[in-house]
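Chemist: What follows is the residue order along each chain.
Protein chains: 2
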Amino acid sequence: MIGPAKNSVPATNPTKKLLLSPDSIINLDHGDPTMFEPYWRKLGEKCTVEISGSDLMSYCSDIGNICWFLEPQLSDAIKRLHRTVGNAVSEDRYVVVGTGSTQLYQAALFALTSPGRAEADPISVVCAAPYYSSYQEETDFLRSGLYKWAGDAYSFDKDGPYIEIVTSPNNPDGAILEAVVNRKEGKLIHDLAYYWPQYTPITHPADYDIMLFTFSKSTGHAGSRIGWALVNDKVVARKMTKFIEVSSTGVSKESQLRAAKILGVAIEGCQHSDSENFFKYGQCLMAERWEKLRDVVKNSQIFSLPKYPQEWCNFISKYSESHPAFAWLKCKEDTNCESLLRAHKILTRGGERFGVGQEYARISLLSRERDFNQFLERLSGIKTAGQGIRTT
Amino acid sequence: MIGPAKNSVPATNPTKKLLLSPDSIINLDHGDPTMFEPYWRKLGEKCTVEISGSDLMSYCSDIGNICWFLEPQLSDAIKRLHRTVGNAVSEDRYVVVGTGSTQLYQAALFALTSPGRAEADPISVVCAAPYYSSYQEETDFLRSGLYKWAGDAYSFDKDGPYIEIVTSPNNPDGAILEAVVNRKEGKLIHDLAYYWPQYTPITHPADYDIMLFTFSKSTGHAGSRIGWALVNDKVVARKMTKFIEVSSTGVSKESQLRAAKILGVAIEGCQHSDSENFFKYGQCLMAERWEKLRDVVKNSQIFSLPKYPQEWCNFISKYSESHPAFAWLKCKEDTNCESLLRAHKILTRGGERFGVGQEYARISLLSRERDFNQFLERLSGIKTAGQGIRTT
Numbered sequence: 001m002i003g004p005a006k007n008s009v010p011a012t013n014p015t016k017k018l019l020l021s022p023d024s025i026i027n028l029d030h031g032d033p034t035m036f037e038p039y040w041r042k043l044g045e046k047c048t049v050e051i052s053g054s055d056l057m058s059y060c061s062d063i064g065n066i067c068w069f070l071e072p073q074l075s076d077a078i079k080r081l082h083r084t085v086g087n088a089v090s091e092d093r094y095v096v097v098g099t100g101s102t103q104l105y106q107a108a109l110f111a112l113t114s115p116g117r118a119e120a121d122p123i124s125v126v127c128a129a130p131y132y133s134s135y136q137e138e139t140d141f142l143r144s145g146l147y148k149w150a151g152d153a154y155s156f157d158k159d160g161p162y163i164e165i166v167t168s169p170n171n172p173d174g175a176i177l178e179a180v181v182n183r184k185e186g187k188l189i190h191d192l193a194y195y196w197p198q199y200t201p202i203t204h205p206a207d208y209d210i211m212l213f214t215f216s217k218s219t220g221h222a223g224s225r226i227g228w229a230l231v232n233d234k235v236v237a238r239k240m241t242k243f244i245e246v247s248s249t250g251v252s253k254e255s256q257l258r259a260a261k262i263l264g265v266a267i268e269g270c271q272h273s274d275s276e277n278f279f280k281y282g283q284c285l286m287a288e289r290w291e292k293l294r295d296v297v298k299n300s301q302i303f304s305l306p307k308y309p310q311e312w313c314n315f316i317s318k319y320s321e322s323h324p325a326f327a328w329l330k331c332k333e334d335t336n337c338e339s340l341l342r343a344h345k346i347l348t349r350g351g352e353r354f355g356v357g358q359e360y361a362r363i364s365l366l367s368r369e370r371d372f373n374q375f376l377e378r379l380s381g382i383k384t385a386g387q388g389i390r391t392t
Numbered sequence: 001m002i003g004p005a006k007n008s009v010p011a012t013n014p015t016k017k018l019l020l021s022p023d024s025i026i027n028l029d030h031g032d033p034t035m036f037e038p039y040w041r042k043l044g045e046k047c048t049v050e051i052s053g054s055d056l057m058s059y060c061s062d063i064g065n066i067c068w069f070l071e072p073q074l075s076d077a078i079k080r081l082h083r084t085v086g087n088a089v090s091e092d093r094y095v096v097v098g099t100g101s102t103q104l105y106q107a108a109l110f111a112l113t114s115p116g117r118a119e120a121d122p123i124s125v126v127c128a129a130p131y132y133s134s135y136q137e138e139t140d141f142l143r144s145g146l147y148k149w150a151g152d153a154y155s156f157d158k159d160g161p162y163i164e165i166v167t168s169p170n171n172p173d174g175a176i177l178e179a180v181v182n183r184k185e186g187k188l189i190h191d192l193a194y195y196w197p198q199y200t201p202i203t204h205p206a207d208y209d210i211m212l213f214t215f216s217k218s219t220g221h222a223g224s225r226i227g228w229a230l231v232n233d234k235v236v237a238r239k240m241t242k243f244i245e246v247s248s249t250g251v252s253k254e255s256q257l258r259a260a261k262i263l264g265v266a267i268e269g270c271q272h273s274d275s276e277n278f279f280k281y282g283q284c285l286m287a288e289r290w291e292k293l294r295d296v297v298k299n300s301q302i303f304s305l306p307k308y309p310q311e312w313c314n315f316i317s318k319y320s321e322s323h324p325a326f327a328w329l330k331c332k333e334d335t336n337c338e339s340l341l342r343a344h345k346i347l348t349r350g351g352e353r354f355g356v357g358q359e360y361a362r363i364s365l366l367s368r369e370r371d372f373n374q375f376l377e378r379l380s381g382i383k384t385a386g387q388g389i390r391t392t
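These protein sequence lines map, in sequence, to chains A and B. Note that the first sequence covers residues 1 to 392 in full-length UniProt numbering. Note that the second sequence covers residues 1 to 392 in full-length UniProt numbering.
Bound conformation, chain A alone:
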C-alpha cells in the first residue's frame, strides 16, 4: 500500500526540497524510484514530449492489433529494448500494455481462469514466500469466483489447477527464482519487473509464457503507470486485452507516447559511453548504494543482509552480483525489524506482509540520495534491538 504517511518527508513530491531534520520520517516503505530523476534531468530536452490539444483523442491506437489500445511506437520500443538489453525474448510475442504491471498481473489471472465454471472453486494462486506483499490483496480484494490467493507455494498441496507467480529477481529479497510447485495442472506468471541490469546480472534472455515488466522499475517512471506483458499464446493475449478493456477501456495514450520516447532514448544510450548508458549508470549507482549499506550492516551487531552470488552479466560484460531495489534486512534476536526501524523514524515494510517472520523488513533503496544517506546515518546509530522502542 502506498499512501499518505503522517509527517513523512515529501520525498515523493519532486517540487518540494525540504531539508531533512532529525525528526523527519523517512518513507522507504514503497519502492518509489525517484533516485533516477537526476539522470533523466541531465538529458534535458532529449526526452521531452510535446502533446497538442487534438492529439491522441481516440480510444483506439491500432485496430488491427489484438491489443487495440497499444500505441505501435510503444510496442516497437519495448521489443527493441528487450533485444538491446538481452533480458527477454520479445520476437514473436504479443505485447499487451497495462496501467502498470499491477493491472497486468490481474489481467493475467483473469486470462488464465476465465470464463471458469459456475460450480467450480476459484483457482488457487500461489507464490514462494517471501512474496510480494500486494499479490494477496490484488488477488482477493474483489472476492473473485475465478481465482483465490492460496499463499506460499512451498506449502501448497491442493490437487488440481493452480497459478504460480514467479518473481525473479524476487521482491522483497532479490533472489533469482524458478517455479517451485511444478505440476502439470499449473500455469505460470513470471513477474520480471526487476530483471534489468541495474538490479541484477542479465544472464540470459528470459523466455516464458507470460512475462510482466514495468516502466516504473526499468527506467524509474512510476508516475506514468505503464507496464507490459510479453505473451506467447494468442488466446491469453486476447483475454488479457479483454480484461484491460473491461476494467479501464485501455491505457493512457499520453503515458504510452512518453514511454515510447524515453525507452527509445534509453536504447540509443546503450550504444554510447557508460555515463550515457542508463542501465550502466543505474548499475553503478545501485552498486555504490549497496556497498555503503553493506558497510553499515557489517559494523552492526543486530542486522544482516542476504548474500548474492557473482554471475556473468551479458549486458555489462562483467562478473557482478545483484544489487536489488530493496534491502531485505534481518534483525537478530527475534526483534520486530519494522518496529525497530519505525522507532528511528524509518518507514519500511515488515516480513509478515511478505508471508515470513517479523525479524525481516523490506527497505526501498530507490529513494532520493538525501533520504538514502539519512537512512544510513540512522541505521548506523542503532546499536541494540530495544533501542528507541517504547515498551509502554
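Take these hints with a grain of salt, some might be off.
Keeping only pairs whose Cα atoms sit at most 20 Å apart, straight-line, the calculated EDC-like set for lysine to aspartate or glutamate is [what the hints assert, rightly or not]:
1. A:Lys242 / B:Asp140
2. A:Lys332 / A:Glu311
3. B:Lys242 / A:Asp334
4. A:Lys298 / A:Asp334
5. B:Lys148 / A:Glu119
6. A:Lys242 / B:Glu137
7. B:Lys261 / A:Glu50
8. B:Lys42 / A:Glu50
9. A:Lys42 / B:Glu138
10. A:Lys261 / B:Glu50
11. A:Lys332 / A:Asp295
12. A:Lys148 / B:Asp140
13. A:Lys242 / B:Glu138
Since the hints were derived computationally from the structure, they do not count as laboratory data.
Chain A is fixed; fit chain B onto it per the hints.
Modeler: Chain B alone, transformed into the frame defined by chain A:
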C-alpha cells in the same frame, strides 16, 4: 466492447485519412468522440503540454490528500469547470481520479460493498433499461462475491441492500432519469458522463452522493483515460481510492497533467465568444447533426427517434432540447435494427445489449464528419426493413 472490426474504416485512427468507398464499413458501435478534434486542433499551441524526461516520476501526487495519486492542478481544474458550467456541485466534495469512468464505476461498486461478509450474497446492482451495455460485463466479469448484476431496475423486487446506477442523460437513449427503486436499503451511483451542455440542457447543478464524469465525453479526450468522481462521503472516497490503488496503483500523471491543461483552456473559453466556447461550439455541432438526422428519419417509413422536451439551459441561457451523443434508433415492424444497418455496412449496437428489444440500435453521433455524412447517406437509402438483408 471496443476493438478490431474487420474491414472497418479506420475512423478511429487519426493518422490515416482514407476516402470512404461505398464498401467501407462505418463503425458507429462505440462512442469514440473524434468529432471534437477540429476544435482542439484550431486552438493550436494553447493546449499543448510539454513533459520532460524527469517530470512526474513518482507514484505520488499529493500525499496529504485522500486520493494521494490525484494531481492537485487537475483537482482544481475539475472543481472550477463544474462551477463554470453549473452542472454539478463540486464544493466540499472529494475528487477521486480514475483510469476513465470505467474504472471509477468499479471503484464505486467496491466502495459501496466492501468488505462485505463472507457468508452474505453479493449485493444486487441494477439500472433502469435500456441501460449502458457495459455495466453488466464490468459488474460480473470477475464473478465478485461483493456485487452482482441484477438487471433492469424496473423489475427488481429482491429485498435487502442493492445498488442502483442512475445514468442521466441516459446511455443509450438520452433520457433524463432519476432513481426508480427508491428503497431505504439502496445506494446510488450517478453516472453523469453526458451531463454537459453539448448533449443536454443544464437545468441545475447535480448534487448526489457519488457522481461520475469523464474527460472522454466532456471535451472528447477519450485516449487519455481520465475520469473523476465527486464524492460526498469521506469513507466512500477513501475506499474508491483504495480500489484504484489496488487495481492500478494510481492513474497516469501525464494524462492528469494534460487534462488539467485542457480543462483550464475550456474554462477560459467559457468567458469568450461562442465560437471559442467549447461547450457552445459543441452544442451547435450536436444540434446540427441532430437536425440532419431527424430530417432523414422523418422521410423514412421504418425508422423513428425519441423526442426530447425543450428545457431552459442555464449555460447557454436559452431553451433547448437534448442532442444526445447517441441516436437511439427504432425500427418498425419488429425488425432487427442492428442487422438491418449492418447489411448496409453501418456497425451499431443492438437493443438486446441494453436490456431491451432488437428493434432498437444505438448509433454514435460523435464520429468524424465524413463518417457521419456517409452514415446519413446510407440511412436515407434504406427504404424497407428487409432491404439488403440476406435471408439465406
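Chemist: Next, verify each hint and record whether it holds.
Modeler: Status of each hint after checking the structure:
1. Restraint check for Lys242 of chain A and Asp140 of chain B: satisfied, since their Cα atoms lie roughly 13 Å apart, inside the 20 Å limit.
2. Distance check on the hinted pair: Lys332 of chain A and Glu311 of chain A sit about 29 Å apart at the alpha-carbon level, beyond 20 Å; violated.
3. Restraint check: the Cα-Cα separation between Lys242 of chain B and Asp334 of chain A comes to about 33 Å, which exceeds 20 Å; the hinted pair is violated.
4. A threshold of 20 Å between alpha carbons decides the hint, and for Lys298 of chain A with Asp334 of chain A the separation of about 19 Å falls inside it, so the pair holds.
5. Of the pairs offered as hints, the one joining Lys148 of chain B and Glu119 of chain A holds, with about 16 Å between alpha carbons and a cut-off of 20 Å not exceeded.
6. This hinted pair checks out: Lys242 of chain A and Glu137 of chain B have alpha carbons roughly 11 Å apart, not beyond 20 Å.
7. A C-alpha spacing of about 13 Å is found between Lys261 of chain B and Glu50 of chain A, which places the hinted pair at or below 20 Å, so the restraint holds.
8. Proposed proximity of Lys42 of chain B and Glu50 of chain A is supported: the alpha carbons are some 17 Å apart, at most 20 Å.
9. Proposed proximity of Lys42 of chain A and Glu138 of chain B is contradicted: the alpha carbons are some 44 Å apart, above 20 Å.
10. Of the supplied pair hints, the one linking Lys261 of chain A and Glu50 of chain B holds, its CA atoms being roughly 13 Å apart against a limit of 20 Å.
11. Using a Cα cut-off of 20 Å, the hinted pair Lys332 of chain A and Asp295 of chain A holds, with the two alpha carbons roughly 17 Å apart.
12. This hinted pair checks out: Lys148 of chain A and Asp140 of chain B have alpha carbons roughly 16 Å apart, not beyond 20 Å.
13. Straight-line distance between C-alpha atoms of Lys242 of chain A and Glu138 of chain B comes to about 11 Å, which keeps the hinted pair within the 20 Å bound.
Checked against the numbered hints above, the structure violates hints 2, 3, 9; every other hint is satisfied.
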